[in-house]
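Could you put the whole structure together from the sequences, leaning on the hints where they help?
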Amino acid sequence: MNYSSDFYTLKVSEGKENGIFLIEHDFDYPTKVHNSFEDFLRTIIACYQEKIYFLDDDGYLDMNFDE
1 MNYSSDFYTL KVSEGKENGI FLIEHDFDYP TKVHNSFEDF LRTIIACYQE KIYFLDDDGY
61 LDMNFDE
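With my numbering, the residue at position 41 of the sequence shown is 41, and numbering never jumps.
What the hints contain is simulated information worked out from the structure, not anything from laboratory work.
Every residue, glycine too, gets a C-beta built ideally from N, C-alpha and C.
Hints may be right or wrong, so weigh each one.
[Unchecked claim] Straight-line alpha carbon distances no greater than 27 Å define the calculated DSSO-like cross-link-like pairs of lysine-lysine that follow:
no.: 1; residue 1: LYS51; residue 2: LYS32
no.: 2; residue 1: LYS32; residue 2: LYS16
no.: 3; residue 1: LYS32; residue 2: LYS11
[To be verified] Quick list of simulated restraints, FRET-style, between CB atoms:
no.: 4; residue 1: ASP56; residue 2: ASN18; range: 29 to 37 Å
no.: 5; residue 1: LEU55; residue 2: LYS11; range: 26 to 34 Å
no.: 6; residue 1: SER5; residue 2: ILE44; range: 34 to 42 Å
Listed below in structure tokens is the structure:
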């Protein structure tokens with residue numbers, strides 16, 4: 001993970017979802033990471049529930065890389 005300009009995007013074609021893609025600064029092509037926005041949100045919720053994502057002592061979003 002490089003923390004520089006990476007982001008997720010929802011691809012929509014003709015009004016239908018075509019998945020969530022990760023756009024990474026270090027790669028030339030997007031990577032499909034989820035089939036739907038709902039799957040993406042379920043993964044985020046699970047990461048919070050399992051304490052993989054959390055707020056640090058200063059209130060910033062952080063990630064447990066060992067999980």
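| query | So which hints don't hold here, by number, going up? | reply | 6
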